[in-house]
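Enquirer: What follows is each chain in one-letter form.
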Amino acid sequence: MGSISFRNVDKVFGPATGGVKALDDINLEIADKEFVAIVGPSGCGKTTCLRMVAGFEPATSGVVSVNGRAVTEPGPDRAVVFQQFALFPWKTVRQNIDLGLRNKNLPIGERNDLIASALKLMSLESHADAFPHQLSGGMQQRVAIARAYVLDPVVLLMDEPFGALDAQTRVVMQEELVRLARRNPRTVLFITHAVEEAVYLADRVAIMTRRPGRIKEVLDIRAIREAEGWDSHARIEDVMDLESFVHLRTHIWKSLREEKDFQHV
Amino acid sequence: MNGRPLSFRESALLGLLGLAGFIGLWSFLSISGIVPRQFLPTPLDVASRFAQLLTSPFAGATLPVHLASSFRRYAYGVLLAAGIGVPLGLLMGWFRLLDDIVTPIFDGLRFIAPIAWVPFAALWFGTGIGGPVMIIFAGAFPPCLINAYRGARFVEPRLIEAGRMLGTPSSRMILEVLLPAAIPSIIAGLRVSAGLGWQSLVGAELIVAAAGVGFLMVQAQGSVQTTTVMVGMIAIGLVGMLIDVLLRQGEAWLRRRRGLEA
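Chains as they are written, first to last, in our numbering: chain F, 1 to 265; chain W, 1001 to 1262.
In case anyone wonders, no lab produced these hints; they're calculated from the structure.
Hints may be right or wrong, so weigh each one.
What the hints assert, rightly or not - Which stretches of chain F does chain W cover? Using the computed rule of at least three CB atoms under 8 Å from a CB of chain W, they are: (1) 4–12; (2) 66–77; (3) 99–110.
Claimed, not checked - So these bits of chain F aren't anywhere near chain W, every CB distance computed over 12 Å: (4) Arg51; (5) Gln95; (6) Ala128; (7) Arg147; (8) Pro185; (9) Glu243.
Ideal Cβ positions, reconstructed from N, Cα and C, are used throughout, including at glycine.
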């Protein structure tokens, strides 16, 4: 069970009066096992939303809660996958994945089993004893995802996880994440500025406005995906050619575009 | 700096030229009698005295024995400084409360030069091993603490967040995240500490009544043996250079290793 809720959330950076208002009255309910993506222009506060769920930033007003409990500090029930991977450079792949399990005081046998299955899940078996700098960006992000998944978190928070990858690697990772999410559904909050990525991955897409960030529109993708059978296509480019996909993508683009044009008026 | 960069050979040559000039001027002043020879012996006098002291004792021991006893005090002082300074710096880098408590005291104390600790150290810790070690400690401690602290404070914030998100307790956070991240800064601090500790040595040995290079120099001064005083200075300079070279090598080796690993 893992629901996320934003209720009347404001965020002001700097002093309470005269600070920069980053988020304005955010309301969003994410149900258990639902995959929600937030898209928006840079600086709209979408990452701040995720950081509040993670417990890295407090809300200035309003409540961010997970499973009905207000978030106060970071914890392994809310695993984060960072854009810049944030792996420990002095730890091997195995040690990076193991840290969270050791923190849970699990016996070594159980830890080894969990690590083995996480390595297998992300096709990292042959890199278990490598250091992060010996791996490509895509591989490093697999390690970060394995490190998050192995904790069996209530919710998974992904902050532009593929933003630092090259286009080809990015597509592979997106396809893999879809497989992972469909086989082993869990609550995911996914932050991105890539519209196609959001439409391809998410059950629902929330569109945010420029600063101060507000949620402008929430689109339900799942009903269309299931009706049009997107998941029967193995490759992202096949899905992206479907009329239903193009329609949604264009809709979101226009919605974001209005934002930009509004800025120039 | 201007002009083209010098080759290794050219800069080595210039270094030798500087040294030759220095010794030449020294010889001239001493041999010509401009400075009385009693106060400025010739380089040759000093060199032969140096060789002589290697085997024949002065102030109770030969030069190597004096050096060995100096080095022992020095090693205790520096190890103590590293052993307290590095852990304390890391703890201050993690626990804000400790930082707020210790920083004002530390900022006040660190401006007291090691030599200014001499009377206090003699009163409190005596002139045996305790007093001198305390003075060397006073010289070597600040860089250990400051560099460990800075290393811990400037860890990439994402790594701290990743550690917190994984539910890492404070002790493990310090040992497995802050410490490895701070290693380059700590090593640089240790090198500075080692140098400052060695520089505090003579001050420390002003109050020693048994053996040590500083003790040798003070005894020689008492009997107006400038040559022996200068031998002591040169010995301190040479050993200091040797320590620095060895630590530089160690640092470079560590960097290479980390370069492969991190």
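Enquirer: Would you mind marking each hint as holding or not holding in the structure?
Expert: Now for the hints, and whether the structure bears them out:
1. For a cut-off of 8 Å, the count of residues in the region 4–12 of chain F with a CB near a CB of chain W stands at 0, and the three-residue condition is violated.
2. Residue count for the region 66–77 of chain F with a Cβ under 8 Å from a Cβ of chain W: 4. That meets the three needed, and the coverage hint holds.
3. Under a criterion of three residues with beta carbons nearer than 8 Å to beta carbons of chain W, the stated coverage of the region 99–110 of chain F is upheld, 5 such residues being counted.
4. A cut-off of 12 Å between C-beta atoms contradicts the statement that Arg51/F is not in contact with chain W; the least separation is 9 Å.
5. Distance check for Gln95/F against chain W: the nearest CB is about 9 Å away, which does not clear 12 Å, and the non-interface claim fails.
6. Residue-level check passed: Ala128/F sits 16 Å from the nearest beta carbon of chain W, beyond 12 Å.
7. A beta-carbon of chain W comes within 12 Å of the beta-carbon of Arg147/F; the shortest separation is about 7 Å.
8. At roughly 21 Å, the least C-beta separation between Pro185/F and chain W is larger than 12 Å, which holds for a residue marked as non-interface.
9. For Glu243/F, the requirement that its beta carbon stay farther than 12 Å from each beta carbon of chain W is met, with the minimum near 40 Å.
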